[in-house]
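**Q** Here the protein sequences come in this chain order: U and F.
Following our numbering, the numbering of the first sequence begins with 1 at its first residue and continues without gaps.
Following our numbering, the numbering of the second sequence begins with 1001 at its first residue and continues without gaps.
It should be emphasised that the hints constitute simulated quantities derived from the structure, not laboratory data.
Nothing here was measured: the structure is a model prediction, and the numbers come from that model.
A hint or two may mislead.
Unchecked claim - With a cut-off of at most 30 Å between alpha-carbon atoms, the simulated DSSO-like pairs for lysine-lysine come out as follows: (1) F:Lys1176 x U:Lys222; (2) U:Lys36 x U:Lys65; (3) F:Lys1028 x U:Lys221; (4) F:Lys1069 x U:Lys222; (5) F:Lys1105 x F:Lys1066; (6) F:Lys1176 x U:Lys197; (7) F:Lys1076 x U:Lys260; (8) U:Lys221 x F:Lys1067; (9) F:Lys1013 x F:Lys1076; (10) F:Lys1105 x F:Lys1230; (11) F:Lys1241 x U:Lys197; (12) U:Lys119 x F:Lys1241; (13) F:Lys1230 x U:Lys221; (14) U:Lys260 x F:Lys1069; (15) U:Lys197 x F:Lys1014; (16) F:Lys1230 x U:Lys197; (17) U:Lys99 x U:Lys197; (18) U:Lys197 x F:Lys1013; (19) F:Lys1230 x U:Lys260; (20) F:Lys1230 x U:Lys222; (21) U:Lys6 x F:Lys1069; (22) U:Lys257 x U:Lys165; (23) F:Lys1105 x U:Lys65; (24) F:Lys1241 x F:Lys1216; (25) F:Lys1013 x U:Lys119; (26) U:Lys119 x F:Lys1028; (27) U:Lys257 x F:Lys1105; (28) U:Lys119 x F:Lys1210; (29) F:Lys1105 x F:Lys1169; (30) U:Lys221 x F:Lys1176; (31) U:Lys221 x F:Lys1066.
To be verified - Computed beta-carbon distance windows for the label pairs: (32) U:Ser218 x F:Val1172: 38 to 44 Å; (33) F:Asp1052 x U:Lys311: 52 to 58 Å; (34) U:Ile13 x F:Ser1131: 20 to 26 Å; (35) F:Asn1087 x U:Ser145: 50 to 56 Å; (36) F:Asn1087 x U:Leu187: 25 to 31 Å; (37) F:Lys1105 x U:Phe120: 31 to 37 Å; (38) F:Lys1014 x U:Lys65: 51 to 57 Å; (39) U:Lys6 x F:Ser1131: 20 to 26 Å; (40) U:Val108 x F:Gln1118: 40 to 46 Å.
Glycine included, C-beta positions come from ideal geometry on N, C-alpha and C.
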Amino acid sequence: MRNSVKLAILALIAAGACAIYLFHDLNGSYGYALPKRTIKVLGMVLTGVTIAYATVVFQTITHNKILTPSIMGLDSLYMLLQTLIIFFLGSGHMIIVNKQVNFLLSVVIMIVFALLLYKFLFKKGGQPIYFLLLVGIIVGTFFSSISTFFQVLIDPNEFQIVQDKMFASFNNINSDLVWLAIALVSLVMIYAWRFLKYLDVLSLGRDTAINLGVPYDSIVKKMLVIVAIFISISTGLVGPITFFGLIVANLSYQFFKTYKHTILITGAILMSVIALVGGQWVVERVFTFSTTLSVIINFIGGVYFIYLLLKERKAA
Amino acid sequence: MIQVRALSKLYGKKSVVEDVTVDIQPRKITSFIGPNGAGKSTLLSMVSRLLDSDTGEVLIDQSDVKKMKSNEFAKKVSILKQSNYMNVRLTIRELVSFGRFPYSKGRLTEEDERIVDQSLEYMHLTDMQNSFLDELSGGQRQRAFIAMVIAQDTEYILLDEPLNNLDMKHSVQIMKILRRLVDELGKTVVIVLHDINFASVYSDRIVAMKDGKVVKDGPTEEIIESSALKEIYDMDIPIQKMDGCRICVYFSSN
């Protein structure tokens, strides 16, 4: 089967999943339920796009197919931020209650953190990318530990609110935020479009990429900034869900068997839309909200991750 | 011409390449020889801007390598390293097509396809162009990578130990191809070699390095000579002339 055919089929399934989610059991509630569902679908599509894009790009840059951008510690920073706000200001404070303010604050802080981290690491020049990942792991662990410390001290009722933030949720996506996020993501994608062609060459390794005229350091820096922006947006919108990227990116590699990033990224995006929208539908209709989508994703993702590790071990 | 001017590289306080000045003559095969750790590969990496130098400069046709645009550089100089680890599964043809990236940015024109065909033909890979790289033997893989470099169509071709892990037959095959690239297509080839007999038989000039410095630099006849080799390798190496080739018989020397 040609890759364009595969993409077309995936696109159809994705569109079908969205249609079922939007119109199943609508009972003619076009004025109330449909707009609400539309916002949810848009939020899920946006999350799928950012996570899939960021993960594929991140894995190409790091030459590693079992890493996710969460290794840079952005998710932990998000949790720390939410915990600190609730601990010091209380769950009734405007920053927690007002979703717009919370979103903007989280996104700005995460992006600033990522930029500072890069600035600090790339200042010396010639540092291998693994150094960045190592610092990311350490900083991320540090953030998680502080979060846990405060979560232990916090009032049990307030902790409920913190816990709510720990899992990605599509159930209360704010409609204003969705439009804002869509605008942001579209701008970044247009900007990043011209760098996509370099990604194909980057997967041949650093030396070959430089040999073929890729301005390696500058491309890697730009792509890492884009990854950080995307992860921040999706985390701010629905919560930590980067693990999900690992599944769709690897499914896309296995399904398309190509080096072309336009295909790999599009495929991963379509797969995440199918998984998120389809999964959310199952959560709502089959499990009737007795569980959340991110729990299911983490479960399936975990199983798949172990499978990948075993497979890679055999290959080595 | 490639001109290396007072080039140095330090790792911590240890200098791996120290104040190296050397000119690479155009349209010739220049071999870099010397003991392990002499700095040959590091020097080649700096010339091909895979590695930043600490002091000194590299000039290619009078312009400073560090000031050249990545893409322009890639149309002038190509480098092939020893290990070519890859994260993706490619066919030979896909790999060779990547050689056209500096020109086409991934969208191959008919002209590009023609050059890819020629490069495959040149390396006798046309029949197996759709095989995957990970299914090939070491020699075939190496030929595929050289075909990519040929498709890149640069005036200067730098190779870091291309004969590593190859058997005699494939080594000879590759050296003959490099010779043809110089004689037929007028390329300039710079190559790091471990086997001094390959250097002796196939190269026009030899640069010998030791402890990060250039100790000898000259035409092959001047370097493949017992007293010069003694200085480079600290070994007494007798030279035998056979069919016009100078062969170093180092296997039982002291």
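**Q** Each hint needs a verdict: does it hold in this structure or not?
**A** How the hints compare with the structure:
Between lysine 1176 of chain F and lysine 222 of chain U the alpha-carbon distance is near 43 Å, which puts this suggested pair outside the 30 Å criterion. For the suggested pair lysine 36 of chain U and lysine 65 of chain U, the alpha carbons sit about 36 Å apart, so the restraint of at most 30 Å is broken. In summary, the hint linking lysine 1028 of chain F to lysine 221 of chain U is not supported, as the alpha carbons are separated by about 39 Å, beyond the 30 Å threshold. Between lysine 1069 of chain F and lysine 222 of chain U the CA atoms are separated by roughly 18 Å; this keeps the pair inside 30 Å, and the hint holds.
For the hint pairing lysine 1105 of chain F with lysine 1066 of chain F, the CA-to-CA distance comes to about 22 Å; that is within 30 Å, so the pair holds. Under the criterion of a C-alpha separation no larger than 30 Å, the hint pairing lysine 1176 of chain F with lysine 197 of chain U is inconsistent with the structure, at around 35 Å. A distance of roughly 26 Å separates the Cα atoms of lysine 1076 of chain F and lysine 260 of chain U; the hinted pair therefore holds under the 30 Å criterion. Annotation: proposed proximity of lysine 221 of chain U to lysine 1067 of chain F holds, straight-line Cα distance about 20 Å (limit 30 Å).
Between lysine 1013 of chain F and lysine 1076 of chain F the CA atoms are separated by roughly 33 Å; this puts the pair beyond 30 Å, and the hint is violated. With a C-alpha separation of about 49 Å, the suggested pairing of lysine 1105 of chain F with lysine 1230 of chain F is violated against the 30 Å cut-off. Distance restraint check for lysine 1241 of chain F and lysine 197 of chain U: the Cα-Cα separation of roughly 53 Å exceeds the 30 Å cut-off, and the hinted pair is therefore not satisfied. Taken as a hint, the lysine 119 of chain U and lysine 1241 of chain F pair is broken in the structure, with Cα atoms around 60 Å apart against an allowance of 30 Å.
Distance check on the hinted pair: lysine 1230 of chain F and lysine 221 of chain U sit about 48 Å apart at the alpha-carbon level, beyond 30 Å; violated. Under the criterion of a C-alpha separation no larger than 30 Å, the hint pairing lysine 260 of chain U with lysine 1069 of chain F is consistent with the structure, at around 25 Å. Taking the CA atoms of lysine 197 of chain U and lysine 1014 of chain F, the gap is about 39 Å. The hint is violated against a cut of 30 Å. About 51 Å separates the Cα atoms of lysine 1230 of chain F and lysine 197 of chain U, which puts this hinted pair outside 30 Å; it is violated.
The hinted pair formed by lysine 99 of chain U and lysine 197 of chain U fails the criterion: a straight-line CA distance of about 37 Å is larger than 30 Å. For the suggested pair lysine 197 of chain U and lysine 1013 of chain F, the alpha carbons sit about 39 Å apart, so the restraint of at most 30 Å is broken. Distance restraint check for lysine 1230 of chain F and lysine 260 of chain U: the Cα-Cα separation of roughly 52 Å exceeds the 30 Å cut-off, and the hinted pair is therefore not satisfied. Restraint check for lysine 1230 of chain F and lysine 222 of chain U: not satisfied, since their Cα atoms lie roughly 51 Å apart, outside the 30 Å limit.
Between lysine 6 of chain U and lysine 1069 of chain F the CA atoms are separated by roughly 38 Å; this puts the pair beyond 30 Å, and the hint is violated. Annotation: proposed proximity of lysine 257 of chain U to lysine 165 of chain U is violated, straight-line Cα distance about 37 Å (limit 30 Å). For the hint pairing lysine 1105 of chain F with lysine 65 of chain U, the CA-to-CA distance comes to about 25 Å; that is within 30 Å, so the pair holds. With a CA separation close to 21 Å, the supplied pair lysine 1241 of chain F and lysine 1216 of chain F stays within the 30 Å bound.
For the hint pairing lysine 1013 of chain F with lysine 119 of chain U, the CA-to-CA distance comes to about 26 Å; that is within 30 Å, so the pair holds. For the suggested pair lysine 119 of chain U and lysine 1028 of chain F, the alpha carbons sit about 44 Å apart, so the restraint of at most 30 Å is broken. Using a Cα cut-off of 30 Å, the hinted pair lysine 257 of chain U and lysine 1105 of chain F holds, with the two alpha carbons roughly 21 Å apart. Among the hinted pairs, lysine 119 of chain U with lysine 1210 of chain F is inconsistent with the structure: their alpha-carbon atoms are about 38 Å apart, more than 30 Å.
Restraint check for lysine 1105 of chain F and lysine 1169 of chain F: not satisfied, since their Cα atoms lie roughly 36 Å apart, outside the 30 Å limit. Only pairs whose Cα atoms come within 30 Å are accepted, and lysine 221 of chain U paired with lysine 1176 of chain F is rejected, the gap being roughly 41 Å. A C-alpha spacing of about 19 Å is found between lysine 221 of chain U and lysine 1066 of chain F, which places the hinted pair at or below 30 Å, so the restraint holds. Taken as a hint, the range 38 to 44 Å holds for the pair serine 218 of chain U and valine 1172 of chain F, whose Cβ atoms sit roughly 42 Å apart.
The hinted window of 52 to 58 Å between aspartate 1052 of chain F and lysine 311 of chain U is violated, with their beta carbons roughly 37 Å apart. Separated by about 33 Å at the C-beta atoms, isoleucine 13 of chain U and serine 1131 of chain F break the suggested range of 20 to 26 Å. Distance hint check for asparagine 1087 of chain F and serine 145 of chain U: the Cβ-Cβ separation is about 33 Å, which falls outside the suggested range of 50 to 56 Å. About 29 Å separates the C-beta atoms of asparagine 1087 of chain F and leucine 187 of chain U, a value consistent with the hinted range of 25 to 31 Å.
Hint check: lysine 1105 of chain F to phenylalanine 120 of chain U, Cβ distance near 33 Å, so the stated range 31 to 37 Å holds. Distance hint for lysine 1014 of chain F and lysine 65 of chain U: a CB-CB separation of about 36 Å, inconsistent with the stated range 51 to 57 Å. A hinted range of 20 to 26 Å for the beta carbons of lysine 6 of chain U and serine 1131 of chain F is consistent with their spacing of about 23 Å. Checked against the given bound of 40 to 46 Å, the beta carbons of valine 108 of chain U and glutamine 1118 of chain F, roughly 54 Å apart, lie outside it.
Of the numbered hints listed earlier, those contradicted by the structure are 1, 2, 3, 6, 9, 10, 11, 12, 13, 15, 16, 17, 18, 19, 20, 21, 22, 26, 28, 29, 30, 33, 34, 35, 38 and 40.
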